[in-house]
Amino acid sequence: MTDVSDGRIPLLRTEALWSGYGTRGVLADVSIAIHKGEVVAVVGHNGAGKSTLLKSLFGLATIHSGRIVLDGMLVAKPTPLNSLKAGIVYLPQRKQVFPELSIKENLALVAQRLPKHDRSDRMNHVATIFPVLRQRWNQEAGSLSGGERQMLGLGLAMIMSPRLLLLDEPSLGLAPDLVVRVLEKARDLAQGYGVAVVVVEHKVKKVLAIADCAYVLRNGRVTFGSRASDLMDEATLLTAYL
Amino acid sequence: MMQVIANGIVAGAGYALFALGFGLVHSTGRFFHMAHGGSYVVGAYLTYVLVSKVGLSSLVGGCGGVLGGAVLGAMMEIAVFRPLRRRNASREGMFLAALGLMVCIQNGVSLVFGDQPVVLRTASVEPGMLFLGARITNVQVCIVATCIAAAASAWIGLQKTNLGMRIRAVASSHELATVYGLRPEAILLLVMVCASALGSLAGILSGFDTDLTPSMGFYAQLMGVAASIVGGIGSVRGSLLGGFMVGLVQHLGVWKLPTQWQEAIVFALVAVCLCIRARGFLRTNWGTKD
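Those sequence lines, one after another, are chains A and B. Reminder that position 40 of the first sequence reads as 40 in the numbering used here, one-by-one numbering, no gaps. Reminder that position 199 of the second sequence reads as 199 in the numbering used here, one-by-one numbering, no gaps.
Worth flagging that the hints you see were computed from the coordinates, not collected in a lab. Check the hints yourself; a few may be wrong.
[As the list claims (entries may be wrong)] The calculated DSBU-like cross-link candidates involving lysine-lysine, where the alpha carbons are at most 35 Å apart (straight line), are:
{"#": "1", "chain 1": "A", "residue 1": "Lys85", "chain 2": "B", "residue 2": "Lys160"}
{"#": "2", "chain 1": "A", "residue 1": "Lys116", "chain 2": "B", "residue 2": "Lys160"}
{"#": "3", "chain 1": "A", "residue 1": "Lys205", "chain 2": "A", "residue 2": "Lys95"}
When you get a sec, could you build the whole thing from the sequences and use the hints?
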């Protein structure tokens, strides 16, 4: 196992995880640790298994063997509903919001999972974190720009007060300055609210700049795991990728 | 002339009621539910049994028929469509499965009740009231009123309630709905039950107006789908518009032409409308994307 925990107890860890889709294997012997309030970057080539790792943690992929341990408890069979109950929220690639619903409806929809008396408070709280959303409260989410949609996606995640946030390629289709803003927002959520954030990202340097630790995946295996700053070094990055 | 228009409106109300349910299933389940006519025919024949054989009142028998149609819809969803969806069946596969179900249901009804028309209404035929130069029966008034009430309820339910918001979200993306814990399978089942209830209601009302035959579901399916496409699949207002357009064109057409042209006129309308508005006149913006 690649241990970057420095002796701390992780919020979630995987042990020799093998997973994929149906009988098809994608991940092989993956062991990682994710700590509270930390941003974990997962990088690697296309098809390395980065998105599958997030889907495995959330319950959208098939676990073939290995263990997922959350708060020291073994997660027998992760499903999306159980993950949400445990405070794990996943934002998929490209489509994180319901484009045909208004911003308010998107937030209200996700807030339905909360007790009634908490809903409006949580929605207002999210509007405070992302002021751009309140300005366009009744606008269809489909008419937002890529960056604004990402903000709404993060807002939807924050409604559920996640303990672990799984972001799959949040920079996809965004202008470079927006990528930085979205990643910085993810870091703010980790530092300000103690959320553990796992970011799968192609823009390696940008994500390493905001991450605390990083894993490199190649052909479904973890080939490198360290503090993110260690991986920033060009030679180390090259070695990890090749 | 006024009688022709009145007949067109009554027929159109029936098609609109059918199109409403068909469009709901298409928007959320994303397939051409060709077995929707099954609920139409089963609801009507079940009402016939409850009213004519068991001796229940028309109202109670009609409620039983709607319930039966809804149960049939639930069975189709659980036994056929859900397993196919879990196996990632294509839309064409789902379409074919639905068509097969429709054929089975029609043949089943034919086996049990025979191919001869049966009469659902128990009272004698009344000439109907005179309204703007046209004679309209109480049943026909009931068909139009039910159609408008059902459309209004569906619109309010979809746009103004939490459940409606969930339905629109599932129609938007099954995967994203799963990610946010919305239980798409439960929503799809609920939509199928409601749509089938609407379909059977259309069949029952039509049965009180005219006679019942095992093939009545297939004919309603043709006209209902045409109405849905013309108005805009999935749109409540589009179903109303499409239904009334199809009904009126159908009846106004055969005012001057032989009745054999009735269906051809409707599909000529579909072709013309598709040339003008390829996605229907009032297509909804939800449930149209993957």
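To see whether the hints hold, each was checked on the structure:
1. A:Lys85 <-> B:Lys160: Cα-Cα ~27 Å, so holds.
2. A:Lys116 <-> B:Lys160: holds (17 Å)
3. A:Lys205 <-> A:Lys95: Since the Cα atoms of Lys205 (chain A) and Lys95 (chain A) sit roughly 24 Å apart, the hinted pair holds (cutoff 35 Å).
In summary, the structure agrees with every hint in the numbered list given earlier.
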